[in-house]
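With the hints as your guide, set chain B onto chain A.
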Amino acid sequence: MQRYLLYANGPDQVGIVASVTKSLAESNCNLEDSRMTILHGQFSIMMVISIDHLPGDDLIPSDSDAKSDIEATKELIESSLSQTASRLGLYISLVTLYDSPSTPMSGFQSNVFDTSDYLCVSVHGADRIGIVSSVTEQIAKSGASVIDLATRLIDSSYVLVMTVALAEGSSTKDLEDSLNKVASDLGVACNISSATPDVL
Amino acid sequence: MSLRRVVTHSEIDRSPALAVESIDDDCLALARDLLDTMYASPGCVGLAAPQIGVPLRAFSVNVTGHKKTQICHGEMVLFNPKVLSGSDPVMAREGCMSVPELTGDVVRFENLSIVGIDLKGEEVMLETNAFEARALQHEIDHLDGLLFLDRLAGPGALHARKVYK
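Protein sequence lines, in the order shown, are assigned to chains A and B.
Letter 5 of the first sequence, counting from 1, is numbered 5 in my numbering, and no numbers are missing.
Letter 66 of the second sequence, counting from 1, is numbered 266 in my numbering, and no numbers are missing.
With the rest of the complex left out, here is chain B:
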C-alpha cells in the first residue's frame, strides 16, 4: 500500500497530462497508488494522476454506494480516457481533493459515453450517467489541467465546504 500526497490547486501542474503508451509495471503501480490514496481519503470517489504529482493520463473512480449514483461500474482505473459523447447538461455541486476547502456548482453531462484503456491494457467503452458521469468528467478535466474552479457557473457558484474532513 502506497499513499501519495495530494497536491493542492495552487501546486498542481496545469499542463495537459501525457498519454500512457503501454500498461507496464509502472502503470500498475500508479493504479495501486491512485486507489490506495483514494480509499484512504474520506469521501473521495475519484483521483487523477496529476493530483499525486504524476503527469500521466490516468485516474481512479469508484462511486459505489453514493446516494446520487445510478449506473455504477464499481472500482475502475482508466488510462488515456476520452469522452465520446455527452448529453443533458445539469448543474450540481462538486468538490475536489486538491481544493479541500471549497465546493462549486458546475454544469456536467448527465449521460456520458467514454473510452479508455483498462488495467489489462484493453480498450473499454463505458456508458454511464448521473454521479458516475460527473465523477468521470471531473477526473478527465484533471488530465487536461482543469479543475472545477475553471468551470464554475459564476461568482455565486463558489461555496465554502461545510464539513471539513
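Chain A with its partners taken away, still in its complex shape:
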C-alpha cells in the first residue's frame, strides 16, 4: 500500500468534495485523514489517501526498489483528477508520503506527542504585523510544537488560537511566562489552558 498527500484549492462552489472523492474512489484510492476549510471564498483541502492497486492492476510494491512504480501511480491518480480539476477550476497536487526522502512510508506517524500535554493558546488584540511570528517563535524556542492553528482578522482586531504540544519535560508555567512577555511586548492578550480532553 502507498500513501499520498493530496492538496486541492480553488474558488468555493457546491460539489467540490463530492467530485474529487468520486474521482479518487474510481481510482481505488482510500480517503484516510483529511481537513478542509474555506477562507475568503477559497476552498482548500488536504487529505491523506492510500492505494493498494489501481483498478484492474497489480498490487503496488511498497519497498524502496519500487520508487518508479510509486511515482507512476501518483501520476495516474493526478491524471484521473485532471478533468475534475479543470471543470471546477481547482489546483490539485499530490505528494508521495515517505518516512524519509529515500524510504517509502511504512507507518503513519502523525501523533508523536502525548495528547495529555496539549495546550490551547489564545492570543487576541489589536492587529499588527508579526503577532503569529513572534508568538510561534517563542513556542519553537521552548521546543513545543504547534499542532493546530486558526487566525481571524476582523476589522482591526486579531485572534490567534493554537493547540500546542509541550516538549517532553518542559513546564506549562515556563511557556506561559515566556508567552506573556511576548504578548505584553506586542500589546495583545495571551491565555493558556489545557486543551479540552476527549471525554467518553
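Bear in mind the hints are in silico, worked out from the structure with no lab data behind them.
All residues carry an ideal CB built from backbone N, CA and C; glycine is no exception.
Simulated DEER-style distance windows between Cβ atoms:
hint : chain 1 : residue 1 : chain 2 : residue 2 : range
1    : B       : 356       : A       : 55        : 30 to 38 Å
2    : A       : 14        : B       : 285       : 42 to 50 Å
3    : B       : 344       : A       : 172       : 13 to 21 Å
4    : A       : 133       : B       : 255       : 27 to 35 Å
To give an idea of the chain B side of the interface with chain A (calculated C-beta under 8 Å), a few residues:
hint : residue
5    : 208
6    : 209
7    : 210
8    : 214
9    : 301
10   : 349
11   : 350
12   : 351
With the Cβ distance kept under 8 Å, some of the chain A side facing chain B (calculated, not the full set):
hint : residue
13   : 122
14   : 124
15   : 152
16   : 161
17   : 162
18   : 189
19   : 195
Showing chain B alone in chain A's frame:
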C-alpha cells in the same frame, strides 16, 4: 436612560476589576446604564461594567425567554459576584458584545452557585443552571479581565458570527 458605548476586545481593560465598597448612587447609576445598554443591544443577555469602560465588579444579566434557559432569575444586577461552586462542565457556543463578529465554543459549568450584592446592598446567593449559569460565568470572567476568546476549546472552536446584528 443612558446608553453607553460597548468597548471592543482590543480596547477592553484586561486587569481585574475593583470590588465595590458600598451600593451608593454611583452604583445605582451604573446599574441603570448596564441595563439600558444591555436592553438596547439586540440579542444581548448580559453586560459587565468593564465592557462600558467602568473597572468595577458589577454586571447585569437577563436570560428571560431564551430558548436554552431553564432556571431563570429574571433581571439582575450583581456587585462583587463570586462563584461558590460549579459542576457538570459542558461545551456550548457563546458570543460577546465586545467581540461582535465572532463566536466560540467554551466549556462552562452547567450547574452553578454564586453569591453577590444586589441593588439593595444585600448579599444574595443564587443557584442556577443551563443558559443562565453560562451567562453568569461569562460576565464574571469579564470582571477578571477574561473574554470567551481566552477559554476557547481550540482553533476549531472559533467561528465567524453568521448573523451580524
